[in-house]
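S.K.: Chain by chain, the residues:
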Amino acid sequence: ELKVEQNPLFLSMQEGKNYTIYCNYSTTSDRLYWYRQDPGKSLESLFVLLSNGAVKQEGRLMASLDTKARLSTLHITAAVHDLSATYFCAVEMALRPYGGSQGNLIFGKGTKLSVKP
Amino acid sequence: DTGVSQNPRHKITKRGQNVTFRCDPISEHNRLYWYRQTLGQGPEFLTYFQNEAQLEKSRLLSDRFSAERPKGSFSTLEIQRTEQGDSAMYLCASSPYQGNTEAFFGQGTRLTVV
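Respectively, the protein sequence lines represent chains D and F.
Count along the first sequence starting at 1, add 19, and that's the number in my numbering.
Count along the second sequence starting at 1, add 1050, and that's the number in my numbering.
Please note: incorrect hints may appear among the correct ones.
[Said to hold, decoys possible] Below, in silico cross-link-like pairs of lysine to aspartate or glutamate (DMTMM-like), each with a Cα-Cα straight-line distance of 20 Å or less:
1) K22/D to E1106/F
2) K60/D to D1074/F
3) K22/D to D1074/F
4) K1061/F to E1128/F
5) K1107/F to D1136/F
6) K131/D to D1074/F
7) K1107/F to E20/D
8) K36/D to D101/D
9) K60/D to E1106/F
10) K128/D to D1074/F
11) K128/D to E1094/F
12) K128/D to E63/D
13) K131/D to E1094/F
[As the list claims (entries may be wrong)] What follows is a set of in silico ranges between Cβ atoms, one per label pair, in the way DEER data are often shown:
14) T96/D to D1113/F: 25 to 35 Å
15) N1057/F to L90/D: 16 to 26 Å
16) N1057/F to P58/D: 20 to 30 Å
17) K60/D to T1052/F: 10 to 20 Å
18) T92/D to L1089/F: 24 to 34 Å
19) D49/D to S1116/F: 31 to 41 Å
20) S1108/F to P58/D: 23 to 33 Å
21) D1113/F to P136/D: 22 to 32 Å
22) N37/D to I1076/F: 31 to 41 Å
23) N37/D to D1113/F: 46 to 56 Å
[Claimed, not checked] Computed far set for chain D versus chain F, every beta-carbon distance over 10 Å:
24) L30
25) S64
26) A97
These are calculated hints, taken from the structure and not from any lab test.
Here the structure is a predicted model, which means the values were calculated and not measured.
Even glycine gets a Cβ: it sits at the ideal position worked out from N, Cα and C.
With the hints as extra help, turn the sequences into a complete structure.
M.R.: Quick look at the structure:
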C-alpha cells in the first residue's frame, strides 16, 4: 500500500525566512504533485514532477523530486504572508494493466504553513 | 468558467437521508475522480471514471455510496442513509487521458450530516 508522509505538519515562519517541506513515499512512483489549499477552498495545482531529478520553480516556491530516495521537497524562499496555506504532496499510483497511468493520487496529510510578519 | 464545477457547494442533511452531488468536469477530460476530505486530512481517493466506465473504487466506498457517469460527461455521487461520519468535503477532479495526467479539482461540496 502506498503511503505518503509529509513533515512538518505545522510550520510557523517569519516573513523573509527560508524553509523546506519534505514528502516521503513508500513505493515506486515517477509522478508527484504539489497542491496548495486555502481554508475552505479547493486544491490549486502548484507543481507536477514527472521524473527523477525534476526541479520546478514558481516565484518563491521550488519543488524537486528524487525517485530513488522516494523524496520530494518544497522549498520556500523569503516567505511572505500570502504563502500562508496548507500544502499537500500527492503521489500517483503506479501504472495499471489497462494502459496509461491510473492517475489516482495518494495525498499526504498536508503541511499547514503560517507566515507571520 | 471552464474549470471543474460542483453542485451544491454546501449540503446539510439529517442522518438517514439520501444526498446526491453533481460534478461537471472540464470539457474533453476523459477521466473524472471523486475524493473525500475530512477536517485536517488530505483528500482520500473514492473512485474514478474513464469516460463512462467506473474503473476503480476505493475500499472507502461502502455500499451506501454509488457514483455514475452515464454519458461520460458529468458525474453524480449519491450517498444513501447518510451517517454523521459521512460529513466531509467531497471533491471532484478531472484530467485528460493522454499526456499529462495532472488533475484539476473543483470547489467541492461540503456535506454536514446532523
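S.K.: Against this structure, judge whether each hint is valid.
M.R.: Checked hints:
1. K22/D to E1106/F: The hint holds at about 18 Å.
2. K60/D to D1074/F: Status holds; Cα separation ~17 Å.
3. K22/D to D1074/F: The hint is violated at about 30 Å.
4. K1061/F to E1128/F: Distance ~13 Å between K1061/F and E1128/F Cα, so the pair holds.
5. K1107/F to D1136/F: Status holds; Cα separation ~17 Å.
6. K131/D to D1074/F: Violated - the C-alpha atoms of D1074/F and K131/D are around 29 Å apart, more than 20 Å.
7. K1107/F to E20/D: holds (15 Å)
8. K36/D to D101/D: holds (14 Å)
9. K60/D to E1106/F: Not satisfied, since the Cα-Cα distance of roughly 26 Å exceeds 20 Å.
10. K128/D to D1074/F: violated (27 Å)
11. K128/D to E1094/F: holds (10 Å)
12. K128/D to E63/D: holds (16 Å)
13. K131/D to E1094/F: Answer holds: K131/D to E1094/F is near 18 Å, not above 20 Å.
14. T96/D to D1113/F: 25 to 35 Å: violated (49 Å)
15. N1057/F to L90/D: 16 to 26 Å: Roughly 39 Å apart at Cβ, these two residues miss the hinted range, so it is violated.
16. N1057/F to P58/D: 20 to 30 Å: Since N1057/F and P58/D have Cβ atoms about 21 Å apart, the given range 20 to 30 Å holds.
17. K60/D to T1052/F: 10 to 20 Å: holds (18 Å)
18. T92/D to L1089/F: 24 to 34 Å: The hint (24 to 34 Å, Cβ to Cβ) holds, given that T92/D and L1089/F are roughly 26 Å apart.
19. D49/D to S1116/F: 31 to 41 Å: Given range 31 to 41 Å: holds, Cβ gap about 33 Å.
20. S1108/F to P58/D: 23 to 33 Å: holds (26 Å)
21. D1113/F to P136/D: 22 to 32 Å: With a Cβ separation near 51 Å, D1113/F and P136/D fall outside 22 to 32 Å, so the hint is violated.
22. N37/D to I1076/F: 31 to 41 Å: holds (35 Å)
23. N37/D to D1113/F: 46 to 56 Å: holds (49 Å)
24. L30: Fine: 15 Å to the nearest Cβ keeps L30/D off the interface.
25. S64: Not fine: 6 Å to the nearest Cβ puts S64/D too close to chain F.
26. A97: It holds; A97/D is separated from chain F by about 27 Å at its closest Cβ, greater than 10 Å.
Checked against the numbered hints above, the structure breaks hints 3, 6, 9, 10, 14, 15, 21 and 25 and satisfies the rest.
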